[in-house]
Amino acid sequence: MADHAGDHERLDLSRLHHFHGGLKLPECKAAATATPLRTLPVPPRLILPLQQHIGEPARPVVAIGDQVRKGQLIARAEGYVSVPVHASTSGRVTDIGDYPVPHPSGLSAPAIVIDSDGDDTPVAGTPHGDYRSLDPSELRNRIRRAGIVGLGGAGFPTFIKMNPGPHKPVDLLLINGAECEPYISCDDMLMRERPQEVIEGIHILMHALQVGTCVIGVEDNKPEAIAALEQTVAADHRLGDIRVQAIPTLYPSGGEKQLIRILTGREVPSQGLPADIGIVCQNPATVAAVYHAIHRNEPLISRIVTVTGTGVEAPANLEVRIGTPMRHLIEACGGYTPGVDRMLMGGPMMGFALTSDALPVTKTTNCLLATTREELPPPEPPRPCIRCGECVRVCPAQLLPQQLYWFAHARDFDKAQDYNLFDCIECGCCAYVCPSRLPLVQYYRFAKTEIWAQERDRIKADIARQRHESRQERLEREKRERAERLKRKKQAVREGDDNSKQAAIQAALERARARKQTGADSPEKSD
Amino acid sequence: MEFRTYSSPHLSGTNHVGRLMRGVMLAALPGLILAWWFFGWGVLVNLVLAVSTCIGAEAAMLRMRRRPVRVTLGDGSAALTGLLLALALPPFAPWWIPVLGALFAIVIAKQLYGGLGYNPFNPAMVGYVVLLISFPREMTLWAPPQELADARLSLVQTLAWSLLGTLPAGTGIDAISMATPLDTIKTQLGLGLTLTEIQAGPRFGSLGGYGWEWVNLGFLLGGGWLLYRGTIQWQIPAGFLGGLFVMALLFYAADSDTYASPLFHLFSGAAMLGAFFIATDPVSASTTPRGRLVYGIGIGILVYIIRAWGGYPDGVAFAVLLMNMAVPTIDYYTQPRVYGQGGE
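Residue numbers (the numbering used here), protein chains in the order written: chain S, 1 to 527; chain Z, 1001 to 1344.
Please keep in mind that the hints were generated in silico from the structure rather than gathered at the bench. Incorrect hints may appear among the rest.
Claimed, not checked - According to the in silico footprint, chain S covers these stretches of chain Z (three or more CB under 8 Å from chain S):
1. 1012-1023
2. 1116-1122
3. 1287-1300
4. 1331-1338
What the hints assert, rightly or not - So the derived list for chain Z, only partly shown, Cβ under 10 Å to chain S, looks like this:
5. Met1001
6. Arg1004
7. Ser1007
8. Ser1008
9. Pro1068
10. Asp1075
11. Ser1077
12. Val1283
Every residue, glycine too, gets a C-beta built ideally from N, C-alpha and C.
Taking the hints into account, I'd like the entire structure generated from these sequences.
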């Protein structure tokens, strides 16, 4: 994209912009923000999945029976897009094997199980210098070694985002404190209660990215968080322009692309990254984790989780160790209410349903939402699409959701791609407003999965075809070469024959001539 | 503890097909009541016949197609088709006119295409057009607005006429029925009169035809409520009325003796009913925001062309059906710019 910073339009933060569509949703955040942040005690057993991030799963470096300390590396990153996993407390590794993990598929995945010894002994901390004395690549390495991923829910390794490459100059660090989904309030509570951790983390990231400007976007339904951040920024006299910007509460303003549009008016190119337009976007909890990793040399072993919904007695925000089974969180919030029906990880719009509460909290567990049937009734049977266009009106990607639905429904995946299926962010606005109650997002996910599968098959077929073709080519070449060799041999033989014949004739002639000469002489001599 | 799982989003709004359809029916009430007030019981007789036939036909077709009958009828779409058809029919039409129109609308134009959501043409308008070209005489049996009527039929007398074809002694249908103002203009312009002369008659009010202007105002009111409620979007009505207005203004400015004023056009015939209730049928209309504007403007222009130079006094039904045909093309060329796809 841009070769140098001048290629971006000048950063104009003086006014807010709009994204298309969006929804005003019931917020339902008050229940969990009524009480202050609490720290959950370390549970007797922790389950640490090896893949809590986007990319390759980490590889265990401990064995069953090993004693580990809090913060000790237990699985190292495998490949570039990967991050390590650390022990969340001290204790003994009791199992390494498949355990149910929070994932939409409901399947199990490899995990390391640690039985706590109750001491919570940390690994010996190594002293470290001021972050300003570290160069950006060293900071990125430390962020990677601390196992930090996007804590907003996606779980993309943070160090990769911090390394947009030499051809993508970054002129803005954006902190996504919008937290637009109903019910979720973990970032809100972090910003309210620990604003200095967020601001410190921002300073580190600004240094690592070498940017001078940072904007923290927060939806205006979080006045306490905005006030806390503003106070901290006002008391901060270091270099760097950090602003707190309130934005209107409108779902999904916390979508990365939507937030960038609101704050800068720029749009992330289709299939592109924010870095393509000079922006790096991070979640406040991720930034706070960076602060812990750099200042205190602590890897990512805990996070804040919102536990809420009418399905729990006393909703709250809890700071918990990664790997804590979810039922401990529910118990800490007074247990379930009698009518509990579903449990979601994440919010009601983009979260996914969990099968059980025995699953562990992972790095991406931002919210546990236990609901009753009254709160989230089971889906109604869908009716035919009446093409009312409500979905078009609310789509924040400005797609034509009903057209995508028809194409996905008819398995016309080429058409679906023509209509930009892959620009869909699966925010669920279309399904929310659909008067026919069509599970639209499910259709898009289905279409995307099918297209990926086709793509994989195509690549496989391509490889097979290439292999077949190169084999054919090799066989042809070998045949040709054989023929060539044979021809050469024959020719050589033929030429050899000719030469020897010629030579023989010549020799015979010579001999005859010699004989003639000698004969001519000899008769005289003999005569 | 184990839980049930569903796919996201888990939250859903209150929007519902049945709610939409009932909202549209409710919004048609002011226009309906005014039509009954000005044109008599025939309006309600048509309504009952058309709505009940639509519901009956839908139920029968659903049963034959082995689709859930009760749930589907609950969406209210069949009843709405009946209501819209009835509002378009002349009050003195015999009983088989609404029944036949409703049957055609539901059986042929809707269910044979696959039911709600799959019909490319507006079912009510298909039913109406079939009646209009098959039974031209019956389709002109419009009633005069009440103060202009010599005699007004009671409910019982209207039923007797509709069902049995009998009128009170001493009256003929030609005596009690009356051409619509749009029809009057068309005929009398043909006789060489100027508009000023034609519109001096008592059939004409200050905006459109006498009585008709009130009915149109009623539908405008209902349409405004639908817009306010978000049931319909502004593009189709604005395009329709804007297209009709601009066309009428152009020709009125050029020759006001032959071409009626823009306001007359907006408040005559089925202009408001068409703009807010018929053209906005989502199934057969364009779905992109810009496409809806194009679609509405197209209908408005066609309505004017048919009214001014076509063979029929009003042209909403034909205009809507013609634009229905153009919808796939309009939708294709008016796709919105997707986020991140360049341009502003």
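What hint numbers does the structure not satisfy? When the structure is compared with the hints, none of them turns out to be violated.
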